[in-house]
Each structure stands twice: as C-alpha cells, then as structure tokens.
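Quick note, the sequences are listed as chains Z and P, same order.
According to the working numbering, the first sequence is numbered sequentially starting from -19.
According to the working numbering, the second sequence is numbered sequentially starting from 168.
Calculated directly from the structure, the hints in this document are not laboratory data.
Check each hint, because a few of them may be wrong.
[What the hints assert, rightly or not] Estimated spans, in silico, between C-beta atoms of each pair: (1) Z:Ala5 / P:Gly199: 26 to 32 Å; (2) Z:Gln(-2) / P:Ser278: 26 to 32 Å; (3) P:Gly196 / Z:Phe(-17): 20 to 26 Å; (4) P:His434 / Z:Ala(-12): 46 to 52 Å; (5) P:Asp317 / Z:Glu(-1): 50 to 56 Å; (6) P:Lys318 / Z:Ala5: 37 to 43 Å; (7) P:Ser194 / Z:Leu38: 53 to 59 Å; (8) P:Asn419 / Z:Gln6: 55 to 61 Å.
[As the list claims (entries may be wrong)] Computed cross-link-like contacts, DSSO-like style, restricted to lysine-lysine with a CA-CA straight-line distance of at most 30 Å: (9) P:Lys422 / Z:Lys119; (10) P:Lys318 / Z:Lys101; (11) Z:Lys119 / Z:Lys101.
Since this is a predicted model, take the numbers as computed values, not measurements.
Ideal placement from N, C-alpha and C gives every residue a C-beta, glycine not left out.
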Amino acid sequence: MRFVSPEAYAKTLVASVQEYSLLCAQAIGDVFSRPRYMADIYTQMDSIGVGSLPIVVLTGFFTGCVLALQAAVSLKEFGAVNMTGELVTLSMVKELGPVLTGLMVSGRNASGMASELGSMKVSEQIDAMRALGTDPVRKLVTPRLVATVFMLFFLTIISDACGIAGGAFVSVAMLKLNAGTFFHTGYMSLVHGDVVEGLVKPLFSGFIIATIGCYYGLRTTGGTRGVGQSTTQAVVASSVIIILVDFLVTQLMIGIFGR
Amino acid sequence: MAETVMSPQMSEFLASGQPMLEFENVSIGFEGHQVLSEVSFSVAHGETRILLGPAGGGKSVLMKLANGLLEPDSGEIRVFGRSLQAMKERDMYEMRAHIGMVFQESALFDSLNVEDNVAYRLEEEHVDPQEIHARVLEALSFVELDKAIDKYPSELSGGMRRRVSIARAIIGRPDLILYDSPTGGLDPITSMTIIELVLKQRDVSRTTCLLITHRLQDAFTLATHRYNMQEHHMEPIPNHGIDPSTRFLVLNEGKVVFDGATLELTHTQDPWLKEYIE
Ligand SMILES: Nc1ncnc2c1ncn2[C@@H]1O[C@H](COP(=O)(O)OP(=O)(O)O)[C@@H](O)[C@H]1O
Ligand SMILES: [Mg+2]
C-alpha cells in the first residue's frame, strides 16, 4: 500500500466528486434530449426491477416477521401488544422498506453495473462505442438511471406490502393477535407525510445506485483486477451514501411534516 | 465497397490536397509519465502509414488521439483539415462517422452477435433495416466470415474477432481507417490472412489508413505486395516493386525516430533503427 499526502488525497477526492457530479449532470441532461435508447431502458427495467423482485419480496417479508416478534416482546411490557400493527406498518413504510430495498438493489445492481461497465471499459468497448458515434453516457448510464429510479419506487412499495404481510402473519400465527386489529391500527397510524417520506426515499436511492454504479464502472482501469475493485467500491460507496441520504431525507421530512 | 457516397465538405476537402491526418507538436502524459512528446507527422490522402515501435511506446495512445478518444496536453491534431481541439463534442461524433477503427483487442460488444456488432454504426444512424442487412452481408463477405453472422464474440477465435472488427470498421465506408495491432496476439498464418485483408481494403478502395504493428514482417508484406483482384489473392509486386503509398513512422520512447518511405527505412544509418529492423 502506498501512502499519499493529505493534500494529494484531498485533491483526488475533490476531482472525483467533480467528475461524479459532471456524470450525473450529463446523465440527467440526456433524459431530456434525443436520441433516447428506449430499448435499453426496457432491458434495464427488466434486469433491475423484475430481477430484484425475489430478493425484495423475501427480505421485505422476513423483516416484517422479525419486526413483529421484536415489537411484541417490548410492547408486552407496557401491555400494548395490540399496537404491534402500528409499529410494524410505520417502521416498514417510513424506514425499513425504503432502506432495505435500496441496500438490496444496491448490492445486486450497483455491483452489476460497475462490473459490466468496468469490463467494457477495460476491454475498450467504451472507446469502441465512442469511435462508432455513440455517447456512452447516453447509451449506458441514462437508461440505467431511469430504470433504477422508476423500478426502485415500485420495488419499495412491494417491499412495504410484503413487510406488513409478514408482520401480520407472525402476529396472527405466532402471537395470536387479531388480524383485523393489526391492519386497522397499522392503517390508522399512517398519515400523509409518512407515505410521502417512504416514497421519496427510493427516488434518491435509485439515483445513487445507478450513478455510483456507473461512475465506478466507467472509471475502471487496470484490467480484470480493476473490475473487481470497482465492483466492491461501488457497493460500499452506494450503500453508505444511501444510508447517509436516508438520514438527511428523514431530517428534512421531519422538518416539513413535523413527524 | 468501391463507391463511396461523399458529403460535399468531404469532397471539397479532398480536392484541396491537404493531409487527411496531421499531428503538430503533440504531447501527452499520464500521471507525470510522459507518453508522447512533440510528435509531428502527417498522413496524405491514399497513404498507408505504418506505425512501428517497441511495446509501450505510445502507439495506441497516438491512435486514440487521432480519433479524439484522448485529448493531448499540448499541440494540435487536425483530421480532414479540421482541428480536433476546436471541435465541440457533437462535431467530434460527426468526424468519427468518417473514421473506421480496429482496436487492439478487437473490442467487440460482448452482448451483441456478429451481425449487430457489424451493423452497430448503421443502426445508430437509423439506416433502413434492409439496407443494413445487405451491407452487413457485404462487409462480412469482404472479410470472408459470412458463416459466423449469428455467433456471439465469445464463440469466435482471435482471428475471427479481428475480422469482425475490421468489418465493423469498414461498414461505414470510412475515409480513414485506424488499425491498432490487427495481428497482435495471432499466430503467423492467421496474421497473414489479416494482413491480406488490410491489403485488399487498401487496393480495392484506396482508403487512407494508419496501421500499428509490432511485426516488421507484416509491415514489409504491406509494402511489397498488392492485391490481385481477378484471382482474389495477394501477390508480390513484380520486379521487387514497392508500393509508393506505403510510408513508415517509427516511435521510440514517445518520440518520432523515423518518418519516411520504405527504402529510406531499410537503408537507414541510424544505429538504434538498424538494430530495431534487424
Ligand atoms: N488511459 C491511460 N491512463 C494511463 N496511462 C496510460 C493510458 N493509456 C496508455 N497509458 C500508458 O501509456 C504508455 C503507452 O501505451 P500504449 O500507447 O498502449 O503503447 P503501445 O505502443 O504498446 O501501444 C504505457 O506506458 C501505458 O501505461
Ligand atoms: Mg498498443
């Protein structure tokens, strides 16, 4: 390992942030201008959305199950077991659904994008694309960005639903609670702001997954070893940033809706 | 592929007699490591310029500079008479439409089959699908690879990939072709068939080209052979003739050490160059 001076490190960091911002700006700009690669958008939607469905359903469902179990233990002490539904629903919709779906899709797709684009970069396919008259950002990054943001939104809704179903399943089958009460308290506890918060978060996460995955992919150097490094870095960076942005968005939403 | 539909600007440019490609004091380095320093040369219309030099000497970098895939730190590059430094991104794509490029490792798109790889440029230009198919067949038959049309790059041998790559470069009927080590990593017999294709392209359509090779043998084959269009094979130019449009450029450690015709290279007095040619 080579040690670099703090100054040099800061310089590369600033340069990377600048490069990343330019990539984001260009990818967004390309959404609003022609030519658009619709076929690539559909392919990516299939791979990101449909492909991630099983893991999102499973993680959502079992997270709901665990949440119900844990909540029941704590709530029993206060004699408030009947509020399990409220706790599961609120946690899933506001926090766990969006964050866990984001992290799952990040692990699956940010890595996939980084390794696919990274392999294309090191085998000169990106250069070949430019030589053949195609802008790689328009052709590769923008479709992934559009597809991830769009699909993550719906995946999050599915995850929320599965989580609540999981919580209900555990409450009814293991805790012997009333299903009607579970859903009723859950439903009554949600207000407009909670739903908005839960649905805004995946928009940010989707943006982060696609742009970070593509950014690390496109800046890959150093052969197949470089591809491995980019993949790892993309997952780590996107996961951390998803949680960080989740914190910021939560803070913002509390400011707006007061809860 | 003989007839080329030319844009008015292009025919006007060709009539002006300016060089197709021109480097003027071009330098580029990566992270403090100088790769090319003060490189100047030009490639005239119809010329076959062979770029020689030891590995790591910056040949591939030079070729990417010529296509605007990299930007020089200083100096000026003119392609078809227009300075790349003065071009916007959009003009750059327009210019690349007139350039065909064969990459060192072929750089075929893994996710597309041979037909779609070769058709890529035309698909991007929204050419009529029937015409695309006809031109893909034409390009593939030029490289003698008609049978592989439905295969994927992973199913092809190194030589076949190189042929597909050549077909992809020539389908747009370019005015300038850049070949980056088309015989790199191939066995001698396959290399010879690839060189034969380059020669065929040169003699059939007289396209200007820049070719990198590390095999001197390939370079001298190009200089001393011609394509016999009646019998469809290459043959030595009679009476030890030398193709007048084949010229050489030798790079060493980022500097031009030779720029001239075949005989000047073979009769050089420069000790380093002498040893290199041996
Ligand atoms: N994108 C790049 N980033 C950093 N260094 C590069 C890059 N491209 C080429 N180089 C360096 O430039 C030098 C010349 O490379 P190249 O042009 O590929 O040589 P060759 O003459 O064998 O084709 C090498 O030392 C290589 O490491
Ligand atoms: Mg090279």
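>> Quick check on a hinted range of 50 to 56 Å for Asp317 (chain P) and Glu(-1) (chain Z), using CB atoms only.
In response: violated (39 Å)
> Hey, Lys119 (chain Z) versus Lys101 (chain Z), does the alpha-carbon distance stay inside 30 Å?
Replying inline: holds (14 Å)
>> Tell me if the beta carbons of Lys318 (chain P) and Ala5 (chain Z) are separated by a distance inside 37 to 43 Å.
In response: Holds, since Lys318 (chain P) and Ala5 (chain Z) (Cβ atoms, about 39 Å apart) stay within the stated range.
>> For a C-alpha distance cap of 30 Å, please report whether Lys318 (chain P) and Lys101 (chain Z) respect it.
In response: Given pair Lys318 (chain P), Lys101 (chain Z) holds - Cα atoms ~22 Å apart, limit 30 Å.
> Does the Cβ-Cβ separation between Asn419 (chain P) and Gln6 (chain Z) fall within 55 to 61 Å?
Replying inline: violated (38 Å)
> Is the straight-line distance between the alpha-carbon of Lys422 (chain P) and that of Lys119 (chain Z) 30 Å or less?
Replying inline: Answer violated: Lys422 (chain P) to Lys119 (chain Z) is near 37 Å, above 30 Å.
>> I want to verify a distance hint. Is the separation of the beta carbons of Gln(-2) (chain Z) and Ser278 (chain P) within 26 to 32 Å?
In response: holds (31 Å)
> Between Ala5 (chain Z) and Gly199 (chain P), does the beta-carbon spacing fit 26 to 32 Å?
Replying inline: Distance hint for Ala5 (chain Z), Gly199 (chain P) holds at roughly 29 Å.
>> Range first: 20 to 26 Å. Now tell me if the beta carbons of Gly196 (chain P) and Phe(-17) (chain Z) are that far apart.
In response: Holds - the Cβ-Cβ distance for Gly196 (chain P) and Phe(-17) (chain Z), about 23 Å, lies within 20 to 26 Å.
> That 46 to 52 Å hint for His434 (chain P) and Ala(-12) (chain Z) (C-beta), does it hold up?
Replying inline: holds (50 Å)
>> Quick check on a hinted range of 53 to 59 Å for Ser194 (chain P) and Leu38 (chain Z), using CB atoms only.
In response: holds (57 Å)
The structure does not agree with the numbered hints 5, 8 and 9 stated previously, though it agrees with the rest.
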